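Visitor: These protein sequences, in sequence, are chains V and P. The first sequence runs -3 to 564 under my numbering. The second sequence runs -3 to 564 under my numbering.
There's no promise every hint is true.
Identical chains blur together in the list; that is why a pair holds if it fits in one copy or across any two.
What the hints assert, rightly or not - Mimicking BS3-like on lysine-lysine, the simulated pairs with C-alpha atoms at most 25 Å apart in a straight line are: (1) K531 with K548; (2) K544 with K175; (3) K544 with K531; (4) K52 with K548.
Read the hints as simulated data drawn from the structure, not as lab findings. Every value quoted in this text rests on a predicted model; they were computed, and no experiment measured them.
Listed below are the residues making up each chain.
There are 2 protein chains.
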Amino acid sequence: MLRVGICQLNLTVGDLDGNVERMVAALAEVSERGGDVAVFPELAVSGYPPEDLLAKPRFALDCQAALEKIAAATGRCAAVVGLPVAGDGGALFNAAAVCANGATAGVERKAQLPNYGVFDEQRHFSAGTPEALFEIAGVAVGISICEDIWIDGGAVEQLVGGGAELIVNVNASPYNLGKLDERLGILRRRIERTGCPVVYVNLVGGQDELVFDGRSLVLDAGGSVTAQAKAFAEEILVVDVETGCTRGSAGLGGPRMRRIPVSTASAVAPEPLPAAQPVASLAPLDEVYAALVLATRDYVTKNGFSDVCVGLSGGVDSSLVATIAAEALGPERVHGVLMPSRYSSDHSVADAEALCHNLGIEGRLIGIEPAHDAFEQMLAPEFAGLAPGLAEENVQSRIRAVVLMALANKFGWLVLTTGNKSEVAVGYSTLYGDSAGAFAPISDIWKMQVYELAQRRNEVAGRPLVPAGVLAKAPSAELRPDQRDSDSLPPYEFLDPVARAFVEGDKTVGELIAAGADPELVRTVGRLVDVAEYKRRQGPPGVRVTPKAFGKDRRIPITNRYRGEARD
Amino acid sequence: MLRVGICQLNLTVGDLDGNVERMVAALAEVSERGGDVAVFPELAVSGYPPEDLLAKPRFALDCQAALEKIAAATGRCAAVVGLPVAGDGGALFNAAAVCANGATAGVERKAQLPNYGVFDEQRHFSAGTPEALFEIAGVAVGISICEDIWIDGGAVEQLVGGGAELIVNVNASPYNLGKLDERLGILRRRIERTGCPVVYVNLVGGQDELVFDGRSLVLDAGGSVTAQAKAFAEEILVVDVETGCTRGSAGLGGPRMRRIPVSTASAVAPEPLPAAQPVASLAPLDEVYAALVLATRDYVTKNGFSDVCVGLSGGVDSSLVATIAAEALGPERVHGVLMPSRYSSDHSVADAEALCHNLGIEGRLIGIEPAHDAFEQMLAPEFAGLAPGLAEENVQSRIRAVVLMALANKFGWLVLTTGNKSEVAVGYSTLYGDSAGAFAPISDIWKMQVYELAQRRNEVAGRPLVPAGVLAKAPSAELRPDQRDSDSLPPYEFLDPVARAFVEGDKTVGELIAAGADPELVRTVGRLVDVAEYKRRQGPPGVRVTPKAFGKDRRIPITNRYRGEARD
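Build the full structure now, drawing on both the sequences and the hints.
Guide: Set out below in structure tokens:
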């Protein structure tokens, strides 16, 4: 038995001093509660992912200096601390140090370095190999980092083969819908092959486009979850973990591993802790919503801001973004801005005002016609004799961005942008207009899901937050008389699945047509997705909640003539 | 002796049909000139870098289908063709196929996959190992890809150890200042260790932020350059290459390699070609300028545009950008836009008009005061009682962006943005204002170098292109009365080297202060560089001409509290 303190903390990239302070406090709490070891997430000292901060040779050295402060704070209760560690010849490792009694006893280095999707770990790190087992309070603990537990025959199996009685796996595993089940599948497969219990510690919090959901886990030697930490919230969860492999380690046939003595067992056996309470699972819509709220809060606050503004059009996207912001920051920190033009319908302003009322947020009304008139006058000599079109429509959207940015600059707010994944995918937005903003809470939410999320929030609140009129009306940018999204785009119920197949499924036009999709629909959407790359490149970060969001997940050249429709 | 056709082509990412067409035509030309083999650059079929187009399983298959068209066009003259090739279990390889007599004889796969700087090859590719030597016209040729020739004991040395008489090395090596010397050093080191001549074939052309300079090379067994293709231009260079290693291959001690018969020697020995003419090297400023011109031309034209517009402030940055654009596209395709405000000095308009005259480009004058007044009126109730400041300044810059984008939208132009590397580094620009645009020709040029480049262009032209007044006056954004850059920033002669140390040298504040730099200057610049990350993330691509540009080269988190000044 080992008493483990799972320190599921919300740490900040680059905040070495702040992260150390949090970890030292958590260590003290675990120690006070009789813990044998406090376990922190992957790269806890630096925050995750540090990206090219790792290119500065000084950065890893500063992290190592920060580790010494944590090590100095340890006593009998050990600490497992993720951090980057410099090796010979400029090599860097994604490592976990084991500290106790005021010193660092040893370090394990991550072997399996993800370099796909949002991950660039081979850009920075060299691969390590399992070094030793750590004798913590009499238990031989194998320390592993994230994907080291994914691989048949990998580091974790070497550790168990070498005699480990418990696997501690430290993670910074970003959320996407369905991720918990994926993790459980991976951990259970490993336990099936090793018979060794696992303590899986995850990071929590938002970091640019990533959000970490926490939900740290303890699985026993039979693969059952015996404890789970909170979703999307910090928790220091202290649990008594049964150690020892059910099938022994001989089956894996590895050599016995070197053992590093770390700490002794408590002289007095502590009162056993009650079993952890089971955690209710979240419905998919609630889980996604919680991710958006946490990511938005953390982006704003970790960047030193308190307030945000949102342009409210009376549409469902801006209504949902304001709802998320109000929940993330408190309604008093959210400033709705209504910017009607000559083409705005009456219900636009009325619906936006109702939303402000429902959420308890401020709503400022700033009509854009003075600037709209001025630009018309300025551009009239240039545009003489030409029919009005997209250029004139975009001017209106850009005027609104100028107003929002002016308010943000003046009052120190951040602008939240309201584009959803469907719009971002097909480029149905104005660059430097409605696409402008510091952060995009719903850029990974397809339009049809925007409606579902808004409806679900009303349901949870037990009253309309997003007004019924917003949910009922046809989507429109209102940049010309009687405009509807459906004038320019296929209906979202057709657009969403096709765009999703391109973006998340990496399908080509040719493949979708061959699979029986409507050729015209597929060609239209495919072309729009390809051509919008230049807009996306200039978009703000948004919250990633699917296995493939825009941003670091999907790196498509702007200059690109591939249309995916081979003619032979 | 082998007659080699170096096909230094300007290919386009994703344009499989177009690239194949170019390659088939080049192959015919080499064949007609008696060539034994036509060599194309790395990933020639797909263009380089294809980035996440490679995530679409169909993409590599389409490239392989395209290869068949090239193979079908070969006769006795062989072709070495770079392309992505799918392997078992979803593996992908960065490969070079050797084709002759209408078929593909074999494939080599790149072993050394760069995953640093702008490169993400381990994201997409698995590493190969040298397979065989190709007997082309009686010569045992070892085929290698890019960094395979960088490594002591790597693929190239295995090929020579295995009996190669000539190394063909295909590349997509992006330009930066000093790159040619770096390449020569690498090639000479390899020849020193192998005694084997090298044909080094490089790509040419712009691709988003990258520009490939060509300058393909032939080095003999003594390490001397016997031929060099043009810089920043296409060329099909047919040369007679002496084959055979001076020191034999026994010294490298490798096993003999399998040989794949490809083609036979010409029945009639061809008339020897005259030795290649030596190529004059370019002065650094001219080399960089040529890179900017080619990259700008290719970004515009490969994306299907013909014309650009540039906001002309009468300052040196916009003057240089217009000069580059006029050279890249022809003056009739460049539209200068002068947008004075109440704060613009008289010389701003006069200098911009003189520039238009000197370059022979159109200059349109659109005063921004109507919109400026309108926004003041719209924002007055919001800003009542507050002192004017940054918010009001930014409004003016954003009005100019609205005007430029309206013209671009209306007439189908691209907007070139004019920020230099100093401005981009410290964030001295308005987001959605002067930072707006499709492409940033000088975003990798430090301010002091902007002056040098402008002066050098005048010198080369033998007359002032950039007016003398532009070069003489103090830099100013002209967003408030008598504003100067030096009100907000350290003088550029101090700012540039410090910002460069942060950005290109990956130094920290602590390191620079320890090295004796002025602490206040270092802290100011360091803080500005860190805080501007959110602006850079929304910036357009710009031309990379240094070993570390902004963009794919430098991936710094926005949410980041690291200040690089450890307190112990």
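Visitor: Is it within, between, both, or neither for K52 and K548, if the alpha carbons may be no more than 25 Å apart?
Guide: Close inside one copy (21 Å) and across copies (16 Å); limit 25 Å.
Visitor: When Cα atoms must be at most 25 Å apart, do K544 and K175 count as within-copy, between-copy, both, or neither?
Guide: Close inside one copy (12 Å), not across copies (36 Å); limit 25 Å.
Visitor: Given a CA cutoff of 25 Å, do K544 and K531 count as a within-copy pair, a between-copy pair, both, or neither?
Guide: both (18 Å within a copy, 24 Å between copies)
Visitor: Go through the copies and call it for K531 and K548: within, between, both or neither, with a Cα cutoff of 25 Å.
Guide: For K531 and K548, the Cα distance is within 25 Å both inside one copy (15 Å) and across copies (17 Å).
The structure shown violates none of the earlier numbered hints.
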